[in-house]
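Peer 1: Line by line, the protein sequences are chains A and B. UniProt numbering numbers the first residue of the first sequence as 1 and each following residue consecutively. UniProt numbering numbers the first residue of the second sequence as 1 and each following residue consecutively.
It cannot be assumed that every hint is accurate.
Pairs involving identical chains hold if they fit within one copy or between any two copies, as the list cannot separate such chains.
[Unchecked claim] Simulated pairs of lysine-lysine, BS3-like, Cα-Cα distance not exceeding 27 Å:
hint, residue 1, residue 2
1, Lys-257, Lys-336
2, Lys-108, Lys-336
3, Lys-81, Lys-257
4, Lys-257, Lys-318
5, Lys-81, Lys-301
6, Lys-257, Lys-301
I should point out that these hints are in silico values taken from the structure, not numbers from a laboratory.
There are 2 protein chains.
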Amino acid sequence: MTTSHSAPLRITEVCLRDGSHAVAHQFTTQQVRDVVNALDDAGMHYIEVSHGDGLGGSTLQYGRSRVDEMELIETAVAECKRSKIAVLLIPGIGTVQELKTAHSLGAKLVRVATHVTEADVSAQHIQVARELGMEALGFLMMAHSAPVEVLVEQAKLMESYGAQAVYVTDSAGAMLPEDVRERVRALRNAVSCEIGFHAHNNLSLAVANTLTAIEEGATRIDSSVRCLGAGSGNTQTEALLAVLQRRGVDLGIDLFKMMDLAEHVVAPIMHRVPEINKGSLAMGFAGVYSSFLLHAERAGKRFGIDPRSILIELGRRKAVGGQEDMIVDVAAELAKQK
Amino acid sequence: MTTSHSAPLRITEVCLRDGSHAVAHQFTTQQVRDVVNALDDAGMHYIEVSHGDGLGGSTLQYGRSRVDEMELIETAVAECKRSKIAVLLIPGIGTVQELKTAHSLGAKLVRVATHVTEADVSAQHIQVARELGMEALGFLMMAHSAPVEVLVEQAKLMESYGAQAVYVTDSAGAMLPEDVRERVRALRNAVSCEIGFHAHNNLSLAVANTLTAIEEGATRIDSSVRCLGAGSGNTQTEALLAVLQRRGVDLGIDLFKMMDLAEHVVAPIMHRVPEINKGSLAMGFAGVYSSFLLHAERAGKRFGIDPRSILIELGRRKAVGGQEDMIVDVAAELAKQK
Numbered sequence: 001m002t003t004s005h006s007a008p009l010r011i012t013e014v015c016l017r018d019g020s021h022a023v024a025h026q027f028t029t030q031q032v033r034d035v036v037n038a039l040d041d042a043g044m045h046y047i048e049v050s051h052g053d054g055l056g057g058s059t060l061q062y063g064r065s066r067v068d069e070m071e072l073i074e075t076a077v078a079e080c081k082r083s084k085i086a087v088l089l090i091p092g093i094g095t096v097q098e099l100k101t102a103h104s105l106g107a108k109l110v111r112v113a114t115h116v117t118e119a120d121v122s123a124q125h126i127q128v129a130r131e132l133g134m135e136a137l138g139f140l141m142m143a144h145s146a147p148v149e150v151l152v153e154q155a156k157l158m159e160s161y162g163a164q165a166v167y168v169t170d171s172a173g174a175m176l177p178e179d180v181r182e183r184v185r186a187l188r189n190a191v192s193c194e195i196g197f198h199a200h201n202n203l204s205l206a207v208a209n210t211l212t213a214i215e216e217g218a219t220r221i222d223s224s225v226r227c228l229g230a231g232s233g234n235t236q237t238e239a240l241l242a243v244l245q246r247r248g249v250d251l252g253i254d255l256f257k258m259m260d261l262a263e264h265v266v267a268p269i270m271h272r273v274p275e276i277n278k279g280s281l282a283m284g285f286a287g288v289y290s291s292f293l294l295h296a297e298r299a300g301k302r303f304g305i306d307p308r309s310i311l312i313e314l315g316r317r318k319a320v321g322g323q324e325d326m327i328v329d330v331a332a333e334l335a336k337q338k
Numbered sequence: 001m002t003t004s005h006s007a008p009l010r011i012t013e014v015c016l017r018d019g020s021h022a023v024a025h026q027f028t029t030q031q032v033r034d035v036v037n038a039l040d041d042a043g044m045h046y047i048e049v050s051h052g053d054g055l056g057g058s059t060l061q062y063g064r065s066r067v068d069e070m071e072l073i074e075t076a077v078a079e080c081k082r083s084k085i086a087v088l089l090i091p092g093i094g095t096v097q098e099l100k101t102a103h104s105l106g107a108k109l110v111r112v113a114t115h116v117t118e119a120d121v122s123a124q125h126i127q128v129a130r131e132l133g134m135e136a137l138g139f140l141m142m143a144h145s146a147p148v149e150v151l152v153e154q155a156k157l158m159e160s161y162g163a164q165a166v167y168v169t170d171s172a173g174a175m176l177p178e179d180v181r182e183r184v185r186a187l188r189n190a191v192s193c194e195i196g197f198h199a200h201n202n203l204s205l206a207v208a209n210t211l212t213a214i215e216e217g218a219t220r221i222d223s224s225v226r227c228l229g230a231g232s233g234n235t236q237t238e239a240l241l242a243v244l245q246r247r248g249v250d251l252g253i254d255l256f257k258m259m260d261l262a263e264h265v266v267a268p269i270m271h272r273v274p275e276i277n278k279g280s281l282a283m284g285f286a287g288v289y290s291s292f293l294l295h296a297e298r299a300g301k302r303f304g305i306d307p308r309s310i311l312i313e314l315g316r317r318k319a320v321g322g323q324e325d326m327i328v329d330v331a332a333e334l335a336k337q338k
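Could you put the whole structure together from the sequences, leaning on the hints where they help?
Peer 2: See the structure below:
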């Protein structure tokens, strides 16, 4: 199996998608226009614009967007001279129809995202995207939570559907550099498409993990300006670029312009400074979804157990979204053991 | 030359000293009491309490402390059942008399700090500390800015004065993991005392750099709860502990208690959330002192040069504190080249 070491390193700026979580999906058209304009001027490769939970995410369950994301995508496309607009799609939330609409508005790339063990639900969306002539990448979320051989098998599935890259997505910010190294290396030896990496900073390791992924051959990298992403944020774009420049890697993105837009365009629209706090650190340490936190706190109160002990046990059991019932069971068991 | 790999890993919490910068030296007695009490209860090894610029730093030049640091040290000592109180001393700012006073109040450890090329000014203070029966450690600041062989030579000087550990101090947050690896490894092969590491997070690499230092044999580690330190803050204590615990390293410090005190004791007293912004990233990227920033901005305006270009050139020339005149010269030269 050949690998694609020769692909150039390309950055996808995710502050207008992952950062949507951090602003409760309240981005305005003007904000998107300003951010995209500045990113395009700095030479950013791809800019992802979607609801935090991807196309179709604007619902009561996931949080209503202030502005229809299709309007935001159209606005973003209109601002781009060089950058390409990307979208995120989680099958089950977003539909093929929404993908087609985004494409008709000028989106050039889609990341089709599934839980790390559920790549099979991505087949249709990847195939449609390729038929539309879009770049189609696979996004394996919570990639830390599956054994490496499962990750490899799921990545192969996505590749077989036509994915041009498969991402190791550290949704909970739970990976250590050695975890990243092992996973990216295993994929590099198993697939011939590109490999991507998406980090969260819950353990303060997002930039370091991203450097490790690049060292191991990942060529599609996600990052967010000023760390504007869910929870503790992602790999901070301008910090990553500074480090890469110090290592002699020039991506054609203007570092000073990125620093300026982080300070003067992005920081002013943020609701809060992303930080590593009790909740986000617990997530990264336990390796579970942030949606478990509230449930664990409730169950902890009911059974007299530290909610973090519940989260850690859930992480051990590889609990996934939708298994909130398990939280009460775990709390009850821990209380019994006490 | 034997090395001290067998020394246990010990953490010095610096939020009440490095963090003093971040609160403009306005810590109150009550705040110090609460923070030290909680840290001691969690099992922290050492807690540094001093003005941000060390003993004697409370001056018009460095910023007046709200409360006399000797009172804060006395308060801190009274709260400790297990933790030891450390102080910082920069010769030229702090005096032998102040060191003796801090010792008489119960401080057990002093870090004597000099610029990386000026270890010779630390001799007297290290010797006095040892005579007093204190632990005396050397602290080589801006350690990235000197060639490795100079760092080694200066560390050997400190060891010859009686320093029981020598710190690689990344004052500007300018080091990449490979820089840390090279420096700690060189020291490990050259001195028999312990090696310490003190990071700043300007490039978002503080935790990763600290892990690298530990891998290379550093056993004295600085960190700050909730990243409460100068500029972008230091290695975040509770994140580091979580990562070490994930790697199976137990330091006898209670992680959950650390997370709780970060959230409920330290966060409420912070003036702002430490972040990587335009100024701090420029410092880390250029590798210069933060005190240069204002001068560079002024000179940049005068000569029509981006202040960051000035800072980068200053970093190349290894400018040190007190060389502010050089800033105007560099700006003028860059303007001529344009």
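Peer 1: Now tell me, hint by hint, if it's right for this structure.
Peer 2: Taking the hints in turn, this is what the structure says about them:
1. In this assembly of identical chains, Lys-257 and Lys-336 lie within 27 Å of each other by CA distance solely across copies; the values are 23 Å between and 57 Å within a copy.
2. Taking the closest pair of Cα atoms, Lys-108 and Lys-336 never come within 27 Å of each other, the shortest separation being 54 Å inside a single copy and 44 Å across copies.
3. Within a single copy, Lys-81 and Lys-257 get their C-alpha atoms as close as 16 Å, which meets the 27 Å cut-off; across copies the closest is 51 Å, which misses it.
4. Taking the shortest alpha-carbon separations for Lys-257 and Lys-318, only the inter-copy value of 25 Å comes in at or below 27 Å, while the best intra-copy value is 41 Å.
5. Taking the closest pair of Cα atoms, Lys-81 and Lys-301 never come within 27 Å of each other, the shortest separation being 54 Å inside a single copy and 31 Å across copies.
6. Only between protomers do Lys-257 and Lys-301 lie at most 27 Å apart by alpha-carbon distance; the minimum there is 17 Å, versus 48 Å within a single protomer.
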